[in-house]
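Novice: What follows is each chain in one-letter form.
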Amino acid sequence: MFDYETLKFLWWCLIGFLFIGFAITDGMDMGVGGLLPFVAKRDVESRVVINTVGAHWDGNQVWFITAGASLFAAWPLVYATAFSGFYFAMMLTLFSLFLRPLAFDYRSKIDSLKWRTNWDKALFVGSMVPPLVFGVAFGNLLQGVPFSFDSLMRVTYTGSFFALFTPFTLLTGVVSVCMMLLHGSTWLVMRTDADVAQRSANIGRVISVVLTLAFALAGVMVWQSIDGYLVISTIDTMGQAQPTIKEVTTASGAWLDNYKETPLLWLVPAVGVATPVFVAFLLSIKSKSTPVKVFAFIGSSFTIISIILTAGIAMFPFVLPSSSQPNHSLLMWDTVSSEGTLGLMLTVVAVFIPIIIGYTLWCYKKMWRTVTVAEIEQNNHTAY
Amino acid sequence: MISEALVELSRWQFAVTALFHFLFVPLTIGLTWILFIMEAVYVMTGREIYRDMTKFWGKLFGINFAIGVATGLTMEFEFGTNWSYYSHYVGDVFGAPLAIEGLMAFFLESTFVGMFFLGWDRLSKRQHLMGTFLMALGTNFSALWILIANGWMQNPVGSEFNYMTMRMELVSFSEIIFNPVAQVKFIHTVAGGYVAGSMFVLSISSYYLLKGRDIAFAKRSFSVAAGFGLAAIFSVILLGDESGYEVGEVQRVKLAAIEAEYHTEPAPAAFTLIGIPDDEAMETHYAVKIPYALGLIATRSLDEQVTGLRDLQKAHEPRIRNGMIAYKYLVKLRNGEDTPENIAKFNETKHDLGYGLLLKRYTDKVVDATEAQIQMAVKDSTPPVAPVFWAFRMMVASGFIMLLLFCLAFYFNARRQIEQKRWLLKSIFYALPLPWIAIETGWFVAEFGRQPWAISEVLPTFLSTSSLAASDVLFSLVAFIIVYSILFVIEMYLMIKFARLGPSALHTGRYHFEQAPELTSGLRSQNS
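Protein sequences appear in the order of chains A and B. For the first sequence, my numbering begins at 1 and goes up steadily by one. For the second sequence, my numbering begins at 1 and goes up steadily by one.
Note that these hints are calculated values from the structure, not bench results. There's no promise every hint is true.
Restricting the straight-line Cα-Cα distance to at most 20 Å, the calculated cross-link-like pairs of lysine to aspartate or glutamate (DMTMM-like) are [to be verified]: (1) A/41 <-> A/150; (2) A/121 <-> A/45; (3) A/246 <-> B/121; (4) B/497 <-> A/111; (5) B/59 <-> A/111; (6) B/360 <-> B/311; (7) A/366 <-> B/121; (8) A/246 <-> B/338; (9) A/121 <-> A/43; (10) B/328 <-> A/120; (11) B/365 <-> B/303; (12) B/360 <-> A/43; (13) B/328 <-> B/311; (14) B/365 <-> A/150; (15) B/328 <-> B/279; (16) B/360 <-> B/380; (17) B/332 <-> A/150; (18) A/365 <-> B/121.
Simulated restraints, written as ranges between beta carbons of each label pair [unchecked claim]: (19) A/284 <-> B/508: 42 to 52 Å; (20) A/253 <-> B/4: 29 to 39 Å; (21) B/485 <-> A/253: 30 to 40 Å; (22) A/240 <-> B/172: 10 to 20 Å; (23) A/369 <-> B/172: 23 to 33 Å; (24) B/364 <-> A/253: 54 to 64 Å; (25) A/245 <-> B/348: 45 to 55 Å; (26) A/368 <-> B/46: 24 to 34 Å; (27) A/380 <-> B/40: 23 to 33 Å.
Bear in mind the structure is a predicted one, so any value in this text is a computation, not a measurement. Every residue, glycine too, gets a C-beta built ideally from N, C-alpha and C.
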C-alpha cells in the first residue's frame, strides 16, 4: 500500500491528529471544568455548566486514551521513554484525572452543598492539572530531555521532577492551560445563556489576550534562547527503527529551520497568534447571534490546532530530543513500530475514525440545546 | 542489574491497581447486557416498570462505571511509567490491540454511556435502546481486545524477535486475533462478568424481597438476573479456560502449578482436590485425589499426559543453555558484528533467547553464568505453586456455589415460589461477594501462574521494569493505596445508599419510600 517512509510520515500526522482531537474535545470539557468556579456562582449554575458536557466528557476522554494507546502502538519508544522519564509528572496527571469521572458522576447524587462544592473543586483540579502538565511536558520536549539507551535499548532517564519546571516550560504550561480555558469559554458561550454565558465571554476575552502574548513570547524564546536540535548525519527514512545510530547536534534557533526552509509554514503560527484575537473580538460583541458564537468556537478550535502544529512542525522530525545524549534523540523516522504494525494500524484508524466522528456528531446533535437554569431545575433528579 | 526491590514494588503496584480496577470492570460488562435486556422489554411491551428497572439499575451501574473509568486510566499509564522496557520490547505487537480497543470499543462505550444516562428525553425509545446496545457492545469489544493482548502475553504467537530494533515485531495479526488462548480467555472472562452483573442484581433484589418492599420491581429484576445468570454461570464453568491450558509451554506450566502436579503421571491423570504443595521438596503432601479427572478436564482425552513440574523444569534447562548462546550472538550483532554466520547462529537459537534472559537476574552478562546460577534459573522457570493452587480452588469453589444458587433461584422463580424461600433469598444476599472472589482469584491464577514471564518464554517479568529508583515506586504505590482506598469508600457509600433506597431513588412517586414518608424520613432526605 504505502512504503515504510510514507507510513512513518502518515503516523506522525496521525499522532498529531489524535492529540489535536484530544485537545479539541477533551480539552473543551477540561476548559469547562477549569472555568467552573469562575462562571458559576450558584449550585444550579454549576449544574448548567457541567451539563453542557455531561453527556460527552467520557467519549471525549477516549481521544486521550486512544492517543496514548496509539503512541504505544506506533511509537513504542516514545511511550516508554516519556512515561517512565516523566514518572512523577505522569503520576500527578493520572491522579488528577481520577477526579473527573467521579466528579461528573457523583456530584449531583447527593443533595448537600458541601459534597457538591468539594466535587466542584475536584473537577477543577482534574481539569486544570493535566493540561498544565502536558504543556510543561511539551516545553521539555522542545528543550530536550536527559535520557539515553544502553546496547539492549533499555532507557535511563537522569532528570528529576523539579527539573521539569523552567521559565520556558512554565510558559508553555500557561499556553496549554489558556488554550483549554479559551476553548471551554467559547463552548459555554455557545451552550449556555444569561449570567453564565456572559461571565464565560468576559473571562474568555481576558484568556485570549493572555494566550496570544504567552504564545508569542514562547515563540521568541524558541528563536532566541532555546537551543534546537538537528540531525547532521544522513537519515535512512526507509530504515528500521534504530534510534542510536545517527548524529545529532544542537544549535541556537534550530527549531525555526523548518520555517526558514518552507516559509509558507509561517502561516501556522500566524493563525495561532491571530485567532485568539479574532475570538476575543467575537466575544466582545454585545448581543451574539448564533453564527458569532459558532465562529468563536471554531476560532478557539483553530487556535488549538495551530498552536500544537506550530510546535510539531518546529521539532519535525524530532519527537523526543535527548539533551544528555543527543544522538539517542527519538525521531519520527527511527522511533516507530515495524512496517507491518504501522500499516495495520493505519488501516484500522482509516476505517474507525470516520465512524467514530460520525456517531459522536450524531450524539452531539441529539443533545444540542442551550442549557438553562430552568431546565436543570425541572430535571433536578436526572441531570448531572 | 535491576534491583529486586524495584521489581517487587513494580509488581505489587501493578497487581494492586489491576486487581482494584478489575473490581469494577466485570460488573460493567455484565450490567450493560442486563440493562439492555430490561430496556428491550420496556420498548417491546411499553410497561413503565421495565423503564424504571433500567433506570434504577442504571443508576447503580453509573456509580460503578465512573470509578471503573477512573481506575482504567491507570492501566494505560502504567505500561509506560513502570514497565517501560516491556513497552519497548513488545509495543510493536502489544500496543496494536490496545489502540484498536480504544478505536473500536472504548469510543463506542463511552460515547453512548452519556446517551444512556442523559439521553432519555432527547432520543426516541428505539434510539435510546440502540444506544444501550452499542454501549454494551463497546464494553464487550473492549474486553475482547484486552484479552487478545493478554492472550498474546500468555501465548505469544504471530510475532518474531528483530535483533536490529531489539524488540518483538508483528508477523501475523490474524494469528494474534485467533490465538486459542485469547479466545477461551475472552469467553471465560466476559461470562464471568455476566455472572457478576447477574449476582449483583439477584442479591440486591433478594434484599428487597426479604424486606418485603417494591415486590413487583424486585421480582422482575430477580427473574431477569436469574435467567441471564444461569446461562452465564454455565458458560463460565463449561467453557472454563482449562481447555486453553494445553496450548503453549507456559500454559502447561500453569496447569501443573494449578494442580500441584510435580510428577508426570500416567494418563489419565488424577485431579488433586486438595493438598499441601511443597516447592522445596517438589511434592504435594496429604493430597486427596480424584482418579482420571484431571486428564479428562485438561486434555479432554484418556490417553494424553499432563506433564508435571519436575519434567517441565528439566526440559527448561537445555533451553536456558541454548538461550546463553542466543544471547552471546545477540551481543555480537548489537555490537555491529552482523556477519552472515553470526546472524545464522543467532537465528538458530533465538527461540530460546527468553530463557537465556532468565539468567539476567543473576549475572548481567548471561554468558558467564555459573552452573549454580543456571540451576537457580531453572528453579525460577516455574511459578511458586501454593498461591496458584489455592487461588484456583477458591475460584472453582465460588463458581460451584454460584451455580447451585443460580439453579435454585431459577427453579423457584420459574415455579413462582421465590418469595416464600427466605433461606434462599438470604443465601443469595450473602453470596454477593462470590463473583468478585472468583474473578480476582481467577485473574491471579492467570497472571501469577504465568511467572516468571511477562511475555511467555520471551521476556521475564523482572527485566520488564522501568529504570526507576525503588523509592519512586514505593512512593507511588503508597499513593495508589491511599487514594484508591478513599475512592473505594466514596463508591461504596453511594452504592450502598442507593441500593438500600431502591427504585424510590428515581423520584417517580411510585415506590416504597415515597409511599410511606413517616417511616423513611431519614433515608429520604438528601437524595436525588
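Novice: It remains to establish, for every hint, whether it holds in the given structure.
Specialist: Consistency of the hints with the structure:
A hinted pair counts as satisfied when its Cα atoms are at most 20 Å apart, and residue 41 of chain A with residue 150 of chain A does not qualify at roughly 55 Å. As the CA atoms of residue 121 of chain A and residue 45 of chain A are separated by approximately 15 Å, the hinted pair is consistent with the 20 Å bound. Annotation: proposed proximity of residue 246 of chain A to residue 121 of chain B is violated, straight-line Cα distance about 60 Å (limit 20 Å). Straight-line distance between C-alpha atoms of residue 497 of chain B and residue 111 of chain A comes to about 13 Å, which keeps the hinted pair within the 20 Å bound.
With a C-alpha separation of about 16 Å, the suggested pair residue 59 of chain B and residue 111 of chain A falls inside the 20 Å cut-off, and the hint holds. Proximity of residue 360 of chain B to residue 311 of chain B is assessed by CA-CA distance (about 23 Å); at most 20 Å being required, the pair is judged violated. Taking the CA atoms of residue 366 of chain A and residue 121 of chain B, the gap is about 10 Å. The hint holds against a cut of 20 Å. A distance of roughly 18 Å separates the Cα atoms of residue 246 of chain A and residue 338 of chain B; the hinted pair therefore holds under the 20 Å criterion.
A hinted pair counts as satisfied when its Cα atoms are at most 20 Å apart, and residue 121 of chain A with residue 43 of chain A qualifies at roughly 13 Å. Proximity of residue 328 of chain B to residue 120 of chain A is assessed by CA-CA distance (about 59 Å); at most 20 Å being required, the pair is judged violated. Between residue 365 of chain B and residue 303 of chain B, the direct Cα distance comes to roughly 44 Å. Violation of the 20 Å bound is thereby established for this hinted pair. The straight-line distance between the Cα atoms of residue 360 of chain B and residue 43 of chain A is roughly 59 Å, outside the 20 Å bound, and the hint therefore fails.
Between residue 328 of chain B and residue 311 of chain B the CA atoms are separated by roughly 27 Å; this puts the pair beyond 20 Å, and the hint is violated. Only pairs whose Cα atoms come within 20 Å are accepted, and residue 365 of chain B paired with residue 150 of chain A is accepted, the gap being roughly 13 Å. Only pairs whose Cα atoms come within 20 Å are accepted, and residue 328 of chain B paired with residue 279 of chain B is rejected, the gap being roughly 32 Å. Proximity of residue 360 of chain B to residue 380 of chain B is assessed by CA-CA distance (about 12 Å); at most 20 Å being required, the pair is judged to hold.
The hinted pair formed by residue 332 of chain B and residue 150 of chain A meets the criterion: a straight-line CA distance of about 14 Å does not exceed 20 Å. Between residue 365 of chain A and residue 121 of chain B the alpha-carbon distance is near 14 Å, which keeps this suggested pair within the 20 Å criterion. Checked against the hint of 42 to 52 Å, the pair residue 284 of chain A and residue 508 of chain B passes, with Cβ atoms roughly 46 Å apart. For the pair residue 253 of chain A and residue 4 of chain B, the beta carbons lie near 47 Å from each other, so the given range of 29 to 39 Å is not met.
Take residue 485 of chain B and residue 253 of chain A: their Cβ atoms lie about 51 Å apart, and the range 30 to 40 Å is violated. A hinted range of 10 to 20 Å for the beta carbons of residue 240 of chain A and residue 172 of chain B is consistent with their spacing of about 19 Å. Judged by the Cβ atoms, the range 23 to 33 Å given for residue 369 of chain A and residue 172 of chain B is violated: they are separated by roughly 49 Å. In this structure the supplied range 54 to 64 Å is violated for residue 364 of chain B paired with residue 253 of chain A, their Cβ-Cβ distance being about 42 Å.
For the pair residue 245 of chain A and residue 348 of chain B, the supplied restraint of 45 to 55 Å is violated, since their beta-carbon distance comes to about 26 Å. At about 28 Å, the beta-carbon gap between residue 368 of chain A and residue 46 of chain B stays in the expected band of 24 to 34 Å. Separated by about 28 Å at the C-beta atoms, residue 380 of chain A and residue 40 of chain B satisfy the suggested range of 23 to 33 Å.
Taken one by one, the earlier hints fail for this structure at numbers 1, 3, 6, 10, 11, 12, 13, 15, 20, 21, 23, 24 and 25, listed in ascending order.
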